[in-house]
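Residue numbers (the working numbering), protein chains in the order written: chain W, 3 to 472; chain X, 3 to 472; chain L, 3 to 472; chain D, 3 to 472.
Misleading hints may appear alongside valid ones.
Identical copies go unnamed one by one, so any copy, or any two together, can satisfy a pair.
[Said to hold, decoys possible] Cut-off 30 Å, straight-line C-alpha distance, at most; resulting in silico cross-link-like pairs (DSS-like, lysine-lysine):
1. K407 x K11
2. K260 x K307
3. K307 x K362
4. K340 x K101
5. K202 x K177
6. K101 x K113
7. K260 x K100
8. K177 x K208
9. K202 x K260
10. K11 x K101
11. K135 x K260
12. K407 x K340
13. K208 x K260
14. K260 x K115
15. K135 x K202
16. K208 x K11
17. K362 x K177
18. K307 x K407
19. K177 x K307
20. K135 x K100
21. K135 x K115
22. K340 x K307
23. K407 x K362
Please keep in mind that the hints were generated in silico from the structure rather than gathered at the bench.
Computed from a prediction, not measured in an experiment: that's the story for all the values here.
Protein chains: 4
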Amino acid sequence: MDSFDLVIKGGQVATASDSYVADLGISGGRIAAIGTGLSGARSIDATGKLVLPGGVDSHTHIEQPSPPPQKNADTFASGSASAAAGGTTTVICFVGQKKGGSLAEAAADYKAKATQSRIDYSFHLIITDPTPKVLEEELPPLVAEGSRSVKIFLTYDGARLNDAEALRVLAASRKLGALVCVHAEHHELIQHLTAELVAKGLTTPKYHALAKPMVVERECTARIVALAEALDVPIQVFHVSGADSAEEIFRARARGLKVWAETCTQYLVLTADDLDRPGMEGAKYICSPALRTTADQAVLWARIKDGTIHNITSDHAPSRFAGPDGKLCAGPNPPFTKVPNGLTGLAARLPILFSEGVSKGRITVQDFVALGCTNAAKLFGMFPRKGTIAVGSDADIAIWDPARKVTITNALMHHGSDYTPFEGFEATGWPETTLSRGVVVFEDGAPTDTVGHGRFVARAPYDYIKPLGA
Amino acid sequence: MDSFDLVIKGGQVATASDSYVADLGISGGRIAAIGTGLSGARSIDATGKLVLPGGVDSHTHIEQPSPPPQKNADTFASGSASAAAGGTTTVICFVGQKKGGSLAEAAADYKAKATQSRIDYSFHLIITDPTPKVLEEELPPLVAEGSRSVKIFLTYDGARLNDAEALRVLAASRKLGALVCVHAEHHELIQHLTAELVAKGLTTPKYHALAKPMVVERECTARIVALAEALDVPIQVFHVSGADSAEEIFRARARGLKVWAETCTQYLVLTADDLDRPGMEGAKYICSPALRTTADQAVLWARIKDGTIHNITSDHAPSRFAGPDGKLCAGPNPPFTKVPNGLTGLAARLPILFSEGVSKGRITVQDFVALGCTNAAKLFGMFPRKGTIAVGSDADIAIWDPARKVTITNALMHHGSDYTPFEGFEATGWPETTLSRGVVVFEDGAPTDTVGHGRFVARAPYDYIKPLGA
Amino acid sequence: MDSFDLVIKGGQVATASDSYVADLGISGGRIAAIGTGLSGARSIDATGKLVLPGGVDSHTHIEQPSPPPQKNADTFASGSASAAAGGTTTVICFVGQKKGGSLAEAAADYKAKATQSRIDYSFHLIITDPTPKVLEEELPPLVAEGSRSVKIFLTYDGARLNDAEALRVLAASRKLGALVCVHAEHHELIQHLTAELVAKGLTTPKYHALAKPMVVERECTARIVALAEALDVPIQVFHVSGADSAEEIFRARARGLKVWAETCTQYLVLTADDLDRPGMEGAKYICSPALRTTADQAVLWARIKDGTIHNITSDHAPSRFAGPDGKLCAGPNPPFTKVPNGLTGLAARLPILFSEGVSKGRITVQDFVALGCTNAAKLFGMFPRKGTIAVGSDADIAIWDPARKVTITNALMHHGSDYTPFEGFEATGWPETTLSRGVVVFEDGAPTDTVGHGRFVARAPYDYIKPLGA
Amino acid sequence: MDSFDLVIKGGQVATASDSYVADLGISGGRIAAIGTGLSGARSIDATGKLVLPGGVDSHTHIEQPSPPPQKNADTFASGSASAAAGGTTTVICFVGQKKGGSLAEAAADYKAKATQSRIDYSFHLIITDPTPKVLEEELPPLVAEGSRSVKIFLTYDGARLNDAEALRVLAASRKLGALVCVHAEHHELIQHLTAELVAKGLTTPKYHALAKPMVVERECTARIVALAEALDVPIQVFHVSGADSAEEIFRARARGLKVWAETCTQYLVLTADDLDRPGMEGAKYICSPALRTTADQAVLWARIKDGTIHNITSDHAPSRFAGPDGKLCAGPNPPFTKVPNGLTGLAARLPILFSEGVSKGRITVQDFVALGCTNAAKLFGMFPRKGTIAVGSDADIAIWDPARKVTITNALMHHGSDYTPFEGFEATGWPETTLSRGVVVFEDGAPTDTVGHGRFVARAPYDYIKPLGA
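Bound conformation, chain W alone (with noise of 0.2 Å):
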């Protein structure tokens, strides 16, 4: 066995299934072989640490635009500074469609961008206007190259589609065998009681909350599971927030249908509290679907248990606090109906779901990576390439502390925004180097000099209408 370029010496590896100590010999950015003893033109000691896969954060909103004056705080250096930083090494991130715009148009115009970042990554498509050319003309050759998953909103004006303009999107994608994820909330209730409450003058942010109630969520996703049932079609659920929307993925998922479902950081340790923060402290923590309780975080762990749950992801939608194109955009107090929506969340998505699943006791470390890395490659088309440690696997690493105690900053986070909404979360667990393919790509708290490491991932026809597998 011949000299690697790298070996990764003396740590616990962990996988979804397994953990033990060995060193990791990388070649060509591979993984080439697992064993003891083995030596490299470089080397890495980890013993005492943890040797995981590198993230799979498979919901990230980074340098994507944003209707005036909003502005993605992330260019795709920073957003895949914040993701290594975190332990992440791949994202999926989005082509966005503008009504009446070209879905082609706009895949050209991100992947340009999207060769500045430091880390591997992929695509879902998002469909705002499906006209016959979208999905029959440009849609095609966007899901054979490889960005096999599409992205519809049924909220949000300018994004939303109306329940006709889903069916079309779904038909279309199961014939290309696409996986179609889903933002679910009623649209014209959160309009109705909006309203209301704007008419009241009720418009701090804490009613944001009470303008999207957990029911608006609990609905459409009923709703999209229904329509994706009668046609056939599988899906992901994105950010599920809380008891009552988990319960209606377990109840598809108990009739056997392809309905999987993410949450995501957030969801787990802030609650709509949080809003109500002082001053306009609270527009920090402006996303939709809205933060909900600890009672709901209670029932998300129970879900991630017993696989309700399928991965963890961030989200990731910086805006900057202050300055014309963030959460203030629209003035110095503004009706929560005016902040931009959105949390920024790479760097902290791994700590976080470490610190409160494994260090706390609620899961094992097999757990963590198979929330945090596996089963988000698997289920859209990325394993064995990405999400795991196997021979022939992308050498991409995370090399965790599993008791480094770490009090989260902004300036820790490495995204171009200037604040997070973890800000002074205890973490114990971090991730202190990370590779991409083998390469180095933060470490000694720093990104290194990577960008334009990373490469689109390209997504083959691949088996996740299996019922157990996925």
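Since the structure of chain W is already known, use the hints to place chains X, L and D on it.
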């Protein structure tokens, strides 16, 4: 990297999470390296084959004393040959206290027999008489030396505990940190229904299923779950045979209890109709719990997929059909009450699970490994030494041909019985070569000369009470 | 105690709770006394008969304008004759706003027609165009004068509301204290599935059931429940046709919501197989929701027994089969999309419920009274004037022969259509004499000369929001 | 219509279904007429009052022999006075076989005592020793003469049956057509938990609830349901005390089983916290099953509303607090294991149900009648003679002032005990006058001179196995 004792080359290695092509390097009976281009003193070409962890069958009765004239049809030599023939490399079998007898003496006797095993083994401790002496003097050293699980029967004269006794065993096991495994059927209801059938002269084999209907198992499952819950003791319910008892397990787990369940091969492919085969053929299918329906089989698969059922065992309990100590030991046409219970199944377990599961598309190869190998090893404290392929793990390996079609015959089972209840089963996928700690124990359709190769697996205290990781 | 106008002597009187032999004394159109040995100006001997409250059918389309060339086959004279023939003495029928039209004018027109009724009646108000004028100017006085319920459609072109409109109606109804009744099927999914079927040339009547499968009803039931829950509005879901939508109602009620449900006669005795009768016979069975399966029928009975389904109606919506305005108005072999929806059922409702329920031992006579008479009267604010036999209640009475066997024919229905979908149904139990406010409206197999006897039942505000009493 | 013996004039008459103003004419101890303007030899003005059926309390221990030194605090004279004080006019009490004794003799003794009752009564037959003689010789004539129900205990030394014995009683009852009532708690688990508490010196009254936690009741409820299901025997589970056992009843009924349940007054208004009152006050609240939590109370109300719980009883089991035969019979500070179980509650039952139910808006007056009177009469075969107001029914009537506010004191209870556990309860709604078969047994705050007025209610075979009508 030095040369290995043995290299298994070019197979499709699979674990409970992964699947990839690699060589395995084996030295000192353990997996030393996973890579490509490995070389060693010997090698096995596994190109085009699956290289899987050897099976772990946590429920086997081998050479266990039976009440005369019945006799267990296997010795450790034959039982372990049968295991190896079916790709299984670790069994847990039973030290059985006799009513009024000593547990310690039973253990000493049984250990002496087990030294003849070709593969590794561990023991569950059957307690039939929980006297203070047994619980306080005999049990603790046995648990301490590594038999870290207790088995109780809630039915069967001569073996059953009443609820007061069961509570004493549960309490003692909790104190010692031993998992309690349970045969759960309502004894008095079985007696009542049996007496009614006998009084009506309804005693052919098919009435066995009516004497032990699902309700006796459902009730008793709910009962032992309640007792375990009240005393906070982790348990595994053995041989869940159908929908109703599986539902009780589901409910227990939804309450967050430390309750696990197994089902057995026979409940997935045989039904109560087999008890109604012509003549006394039905006697070949008498086991407890009784065989159920195809509807139950469908529910069992659903419960396997959702994690309610944790692993699949054989409940290997071999009787010969013919002869003075077999199924017909009480005469040529015995009433079902006089037929020894139990089916042979060690060799058939994994081929049937593979065939019905993987080949028919119900589960992935990774799921197969989890259900047949990894989960039992985890639940019973033998992981990662057993149940997976990882650096440092015992080199217990089964090399499978996933495409091979085999019709099961008794000769292929290599056990001591004169029949198999799975005769004629058409399998797709078959284990070809089986290794125990790097030594080939079965190849070319026959066991190798390895009687006595097996070693006792001592199980140290482990984290089986963690809610998700098991 | 003075002499009564009329005495019904010696019958078995039954209410939703009781059953006993007594005379009823009737004066001034009301029940004046219950006792024995009563005497009056006239008397009816009911010895050996059941004396039950007249039926309350809260879902009937009578002489309601249809889009040409279709035509409702009943006038109030014929429709109320049919009701009386089946033992029903109160109907709620529909004032229907035309898209863009005036609700007030529709009400005025319809009231004029209703004066011809032989039995008492009240109105649901169909809103198809919830403009501010309709909701704020036209609706309030109609509710105030006693039409204290609103009907909305979520499917059917020309009638359906989108969700934003539905929310406006719910909000207005809540303010006014009107119960909202809902036809719940997912419009766009029906359109999508219909278009697929039409594109494939699959347009015979049996495809009607495939264009409107259970999932369209289940989804829409969950949706309207969610909207009503969000705005805290009591609703009744109309014509629950099978297991899945009934489950949604069950879940809503388990959450403590003010949600009630009805099912209709046809869903208890007809199935989708009737749509596949030879030639165009299947067109006789086209109604929405579509007919389901026998398994659904079994679930409906279970849900009737556990209170999930509150009352049984006819959804009487009569078309002739032959003729230019009937089921075949679009030609001799129309696609299912061109066949008018709806079945005739006023006269058949109670006999079928009695026969399938009481005579077959599924329910008691008291349950029959509750399901056919009392519960609807309570839910819609007509109790105790209607729906029971109590001192002071209107003397609306049906005298039943519980043992009489009758084969249903169209002639026995006394309606305006040329067919009944229940032709050939073998009933056990039949209403013989029907009285409205003490006046015999049907006897000896024929309606009496009572056109115009009926009066509008104004419904005052009532306690329909109490969780149990309804 | 002739003059009546007695007329109750102008009250608001209510049944389980209806509510209306009318006069009741009573002759020969029965309700002869319901009307207006009735006249009679005597009359009671009930204007502004509710005129309700007298209560039926199907679970009362009156003058029942207890193991010395304990003594039942009531005679039939005092117990029936207490019943009448609370508006109850029929009780079912218990003939109790002593272990090893004769059931027939126990019945003869008890019948002699019961002749002193002021109100009508019937018997459940407690079997503690199901010998062939008891089941085959003694039981049949007692059932035949009208004691058509059997009671079994699955806990309590001296009373409990093991499962084999329970099966024999179930089988015998099925043959005879007797309903089996069950005290369901897991005996050995109680013993195990009690021994643990005693060993730790934890014996004050509050530990009673920890020795008998909900799991002992949940388990045993599931068990007796299973046994009854296996043998197809209708049962009522007595004193369902909280959420978990109610859920088992719900599941049983959802499977269509003939399983009914009661709860008792104390489980609706008292909790385990009452066991922790200062000093030995807690001993006043020792009963089995033990009192639960306010959360359980909320679930019980939900289960009352959905029909899972069929009727409300008192489980009247009176001990004095002071004195040598009362709660402290074993000394001034007895361990909870030495405190007689049981609470007094006959008089408090209906006032508390009315107050918590009707006055607080949880249920309607009709529901109150159903839960307190009608349903028990139906379930135990006394309907329509008892439990309703209908022509021909016994004139058992309670005249209630729905607005009267009363603070419960022991003096108001008119029983033989020196305390009531409901002392200080603020009731709204109170029974003022109680009649048994037309005779006033309680008025103006005191029982009338009617000792011995009561008669045995023989119960003929009845249709209690119908799934809905009960």
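Structure-based check of all given hints:
no., hint, in the structure
1, K407 x K11, "within (23 Å within a copy, 43 Å between copies)"
2, K260 x K307, "both (19 Å within a copy, 13 Å between copies)"
3, K307 x K362, "both (14 Å within a copy, 27 Å between copies)"
4, K340 x K101, "within (20 Å within a copy, 35 Å between copies)"
5, K202 x K177, "between (47 Å within a copy, 17 Å between copies)"
6, K101 x K113, "within (19 Å within a copy, 49 Å between copies)"
7, K260 x K100, "within (29 Å within a copy, 42 Å between copies)"
8, K177 x K208, "between (43 Å within a copy, 26 Å between copies)"
9, K202 x K260, "between (42 Å within a copy, 26 Å between copies)"
10, K11 x K101, "neither (52 Å within a copy, 55 Å between copies)"
11, K135 x K260, "within (28 Å within a copy, 46 Å between copies)"
12, K407 x K340, "neither (37 Å within a copy, 55 Å between copies)"
13, K208 x K260, "between (35 Å within a copy, 28 Å between copies)"
14, K260 x K115, "neither (33 Å within a copy, 50 Å between copies)"
15, K135 x K202, "between (44 Å within a copy, 23 Å between copies)"
16, K208 x K11, "neither (50 Å within a copy, 59 Å between copies)"
17, K362 x K177, "between (44 Å within a copy, 24 Å between copies)"
18, K307 x K407, "within (25 Å within a copy, 37 Å between copies)"
19, K177 x K307, "between (33 Å within a copy, 27 Å between copies)"
20, K135 x K100, "within (14 Å within a copy, 37 Å between copies)"
21, K135 x K115, "within (25 Å within a copy, 53 Å between copies)"
22, K340 x K307, "neither (37 Å within a copy, 45 Å between copies)"
23, K407 x K362, "within (13 Å within a copy, 48 Å between copies)"
The structure fails hints 10, 12, 14, 16, 22 (numbered hints given earlier, in ascending order).
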